[in-house]
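Visitor: Here is what each chain is made of, one letter per residue.
There are 2 protein chains.
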Amino acid sequence: MITLSIDIQDRSYPIYIGSNLLYQKSLLDRHIGGSEIVIVTNETIAPLYLSRVVNHLRDYRCTEIILPDGEQYKTLEGITPIFDKLLKNKFSRSTTLIALGGGVIGDMAGFAAACYQRGIPFIQIPTTLLAQVDSSVGGKTGVNHPLGKNMIGAFYQPLCVLADINTLNTLDERQFKAGIAEIIKYGLIQDFNFFLWLENHIDQLLARNQDILIQAIERSCQNKAAVVAADEKESGSRATLNLGHTFGHAIETGIGYGTWLHGEAVSVGMVMAANLSHQLSWLSHHDVNRITHLLTQVGLPIQPPKEMNTQRFLELMAVDKKVANGQLRLVLLKQLGAAVVTSDFPYSLLEETIEEFYRY
Amino acid sequence: MITLSIDIQDRSYPIYIGSNLLYQKSLLDRHIGGSEIVIVTNETIAPLYLSRVVNHLRDYRCTEIILPDGEQYKTLEGITPIFDKLLKNKFSRSTTLIALGGGVIGDMAGFAAACYQRGIPFIQIPTTLLAQVDSSVGGKTGVNHPLGKNMIGAFYQPLCVLADINTLNTLDERQFKAGIAEIIKYGLIQDFNFFLWLENHIDQLLARNQDILIQAIERSCQNKAAVVAADEKESGSRATLNLGHTFGHAIETGIGYGTWLHGEAVSVGMVMAANLSHQLSWLSHHDVNRITHLLTQVGLPIQPPKEMNTQRFLELMAVDKKVANGQLRLVLLKQLGAAVVTSDFPYSLLEETIEEFYRY
Numbered sequence: 001m002i003t004l005s006i007d008i009q010d011r012s013y014p015i016y017i018g019s020n021l022l023y024q025k026s027l028l029d030r031h032i033g034g035s036e037i038v039i040v041t042n043e044t045i046a047p048l049y050l051s052r053v054v055n056h057l058r059d060y061r062c063t064e065i066i067l068p069d070g071e072q073y074k075t076l077e078g079i080t081p082i083f084d085k086l087l088k089n090k091f092s093r094s095t096t097l098i099a100l101g102g103g104v105i106g107d108m109a110g111f112a113a114a115c116y117q118r119g120i121p122f123i124q125i126p127t128t129l130l131a132q133v134d135s136s137v138g139g140k141t142g143v144n145h146p147l148g149k150n151m152i153g154a155f156y157q158p159l160c161v162l163a164d165i166n167t168l169n170t171l172d173e174r175q176f177k178a179g180i181a182e183i184i185k186y187g188l189i190q191d192f193n194f195f196l197w198l199e200n201h202i203d204q205l206l207a208r209n210q211d212i213l214i215q216a217i218e219r220s221c222q223n224k225a226a227v228v229a230a231d232e233k234e235s236g237s238r239a240t241l242n243l244g245h246t247f248g249h250a251i252e253t254g255i256g257y258g259t260w261l262h263g264e265a266v267s268v269g270m271v272m273a274a275n276l277s278h279q280l281s282w283l284s285h286h287d288v289n290r291i292t293h294l295l296t297q298v299g300l301p302i303q304p305p306k307e308m309n310t311q312r313f314l315e316l317m318a319v320d321k322k323v324a325n326g327q328l329r330l331v332l333l334k335q336l337g338a339a340v341v342t343s344d345f346p347y348s349l350l351e352e353t354i355e356e357f358y359r360y
Numbered sequence: 001m002i003t004l005s006i007d008i009q010d011r012s013y014p015i016y017i018g019s020n021l022l023y024q025k026s027l028l029d030r031h032i033g034g035s036e037i038v039i040v041t042n043e044t045i046a047p048l049y050l051s052r053v054v055n056h057l058r059d060y061r062c063t064e065i066i067l068p069d070g071e072q073y074k075t076l077e078g079i080t081p082i083f084d085k086l087l088k089n090k091f092s093r094s095t096t097l098i099a100l101g102g103g104v105i106g107d108m109a110g111f112a113a114a115c116y117q118r119g120i121p122f123i124q125i126p127t128t129l130l131a132q133v134d135s136s137v138g139g140k141t142g143v144n145h146p147l148g149k150n151m152i153g154a155f156y157q158p159l160c161v162l163a164d165i166n167t168l169n170t171l172d173e174r175q176f177k178a179g180i181a182e183i184i185k186y187g188l189i190q191d192f193n194f195f196l197w198l199e200n201h202i203d204q205l206l207a208r209n210q211d212i213l214i215q216a217i218e219r220s221c222q223n224k225a226a227v228v229a230a231d232e233k234e235s236g237s238r239a240t241l242n243l244g245h246t247f248g249h250a251i252e253t254g255i256g257y258g259t260w261l262h263g264e265a266v267s268v269g270m271v272m273a274a275n276l277s278h279q280l281s282w283l284s285h286h287d288v289n290r291i292t293h294l295l296t297q298v299g300l301p302i303q304p305p306k307e308m309n310t311q312r313f314l315e316l317m318a319v320d321k322k323v324a325n326g327q328l329r330l331v332l333l334k335q336l337g338a339a340v341v342t343s344d345f346p347y348s349l350l351e352e353t354i355e356e357f358y359r360y
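Note that the protein sequences, when read in sequence, are chains A and B. By full-length UniProt numbering, the letter at position 340 of the first sequence is numbered 340, and the numbering carries on one by one without gaps. By full-length UniProt numbering, the letter at position 359 of the second sequence is numbered 359, and the numbering carries on one by one without gaps.
Just to be clear, a hint being listed does not mean it is correct.
Same chains, same names: a pair is fine if it fits in one copy or spans any two.
[Claimed, not checked] Calculated lysine to any residue pairs in the SDA-like style (CA-CA distance at most 25 Å, straight line): (1) K25 with G258; (2) K85 with E64; (3) K90 with L349; (4) K233 with P121.
Keep in mind the hints are simulated off the structure, nothing from the lab. Predicted model, so just to flag it, every value in this text is computed and none were measured.
Build out the structure end to end from the sequences listed, making use of the hints.
Guide: Now the structure itself:
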């Protein structure tokens with residue numbers, strides 16, 4: 001087992017990465033204060049892991065909340081069952097909330113933990129690759145609004161994160177690949193050596209080789225942790241983590257939450273950002289090709305959805321959080337392994353870049 | 001104008017107390033970053049102050065949100081119009097949200113500010129006495145749940161608070177008196193000299209004498225600030241601020257939000273806590289009488305609502321946030337000016353104390 005420490009002032013916490021961590025009660029015991037816990041999971045994960053996890057936690061007064069599975073349920077309404085059940089059963093503010101599931105469950109349960117009685121202790125057990133390398137690190141929690149993704153939420157750090165790679169065995173191919181999109185992102189924004197390593201190990205990663213998986217998760221979490229430690233509330237540098245996300249969120253909102261997976265939308269978003277970076281003469285044509293080649297090897301999409309068009313993209317991108325004082329800011333690549341957050345590009349170039357994708 | 005500084009680590013902020021602050025644009029300019037603002041107020045306050053406030057802020061891109069007036073609207077659903085309007089009009093995360101109104105508006109708007117895009121800047125302009133001396137200090141924001149008051153929320157500090165005593169001129173008598181309940185609370189929990197001062201100046205305070213009002217507000221905010229600075233997240237000593245609130249919340253939930261005013265419920269709650277403190281031989285009969293006498297002079301209720309009974313009280317008190325690991329903790333008085341948070345009392349004594357109030 002590897003232990004990574006995420007250092008955010010007085011809210012630092014460990015990420016445990018390894019196999020079969022799910023049933024190591026002592027790991028959880030170390031972090032749970034008080035005698036009450038609530039496990040929030042979804043209909044897909046519950047039959048796989050819930051009863052065994054609960055069994056290991058019999059010492060606690062425990063309740064379970066099973067939400068429907070899917071990004072389309074990640075709404076303010078979608079988290080009210082958590083509040084309802086906790087209050088109905090009189091769970092106090094010393095209750096520890098455990099999120100068992102992918103990024104959607106982590107975001108919803110984390111936000112519920114942030115809000116219940118103004119904040120209760122919170123533990124993440126991410127069961128998807130995407131959640132293990134991304135959403136479980138950094139404390140972003142929240143829900144979607146019909147007019148924008150993750151528009152309602154909180155920065156709220158967990159007590160610990162337990163990334164059990166065995167849970168990835170049950171992950172379907174599409175979900176697994178979507179997770180790799182975010183792993184590649186770390187290489188692109190700040191870790192060129194990791195990008196090289198990924199180019200060299202992509203087949204083993206796709207084959208879910210345990211050692212390669214652990215290395216990829218660890219390196220991803222380290223990358224994210226470094227960014228988050230420097231800028232918890234995303235006032236500056238943290239925004240580089242959003243490479244591909246402004247385009248990606250536009251896709252997710254544009255075609256309806258839950259149609260594309262987040263990682264799939266980010267994959268296309270990174271290609272679009274790379275193309276704009278190329279238009280700005282920052283990336284070479286060869287660089288852009290390396291990116292699309294790697295994403296294609298994984299089996300990730302590199303073309304935006306046909307159902308959308310340039311106008312719709314621009315509209316939806318304007319509402320994204322990365323807009324400061326009316327100016328659209330994007331994460332672009334100065335080179336492979338070096339992202340910048342910038343609004344210093346001609347708007348027409350952005351239009352042209354998107355247009356290019358719809359010329360087919 | 002008096003400026004009080006609330007010191008909470010990196011989130012310190014000033015409270016300005018005085019007359020006619022509402023229209024001093026420079027005060028707001030000092031704190032608003034960016035070019036966008038949204039003013040959240042309610043149907044009662046809007047006709048009185050909104051257009052004049054907006055007029056002074058014409059330099060900014062400004063939108064207004066007018067919510068219905070009343071505690072019964074302080075729900076998760078009740079704050080969605082804020083998110084809807086901000087997103088529809090593409091307000092960015094550098095927008096400053098200004099809460100113009102009483103405690104309910106402050107709680108709702110503050111919570112919306114805490115959640116919109118995971119937190120936007122926030123300014124409080126409390127227009128009731130209760131909000132000026134209580135809810136605008138300390139960063140508690142949130143909404144009610146059918147099963148409990150303030151059960152969903154966040155700790156979120158404003159950039160500044162502007163307490164304009166002129167807004168109290170339009171405050172109806174009942175609201176004004178409800179505010180005095182919280183002022184008396186500060187005397188009871190930790191400032192015996194202030195309690196004495198209140199006994200001596202209660203007539204002038206009720207007459208809304210400007211100097212006396214400013215003194216009472218300042219002293220109250222100082223008291224609250226001291227407690228909050230020592231324990232922002234209410235892990236310990238801050239809970240003394242809840243004197244009368246566990247009983248009070250039971251009343252508000254028991255008879256339906258908005259029927260009694262919060263300050264009225266707290267008034268009765270303080271009398272009930274004082275009675276239990278007397279049962280524990282901490283307060284003398286004379287002490288209890290001084291409390292009920294002062295509250296009665298103000299015109300505040302000192303008897304719980306007839307619609308409730310002992311059983312209902314105990315049920316509702318059990319769900320209150322002050323329950324730690326199944327043990328009911330209450331704020332009681334060791335003497336006038338000295339509150340303690342304790343679960344060290346026989347449960348039967350609590351039952352008897354409530355029973356006593358229903359013996360008539």
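Visitor: Determine for every hint whether it applies to the structure shown.
Guide: Hint by hint, here is what the structure shows:
1. K25 with G258: Neither. Shortest intra-copy (33 Å) and inter-copy (46 Å) distances fail the 25 Å Cα cut-off.
2. K85 with E64: Classified as within: same-chain Cα gap 9 Å, cross-chain 35 Å, threshold 25 Å.
3. K90 with L349: between (56 Å within a copy, 22 Å between copies)
4. K233 with P121: both (19 Å within a copy, 13 Å between copies)
The structure does not agree with numbered hint 1 stated previously, though it agrees with all others.
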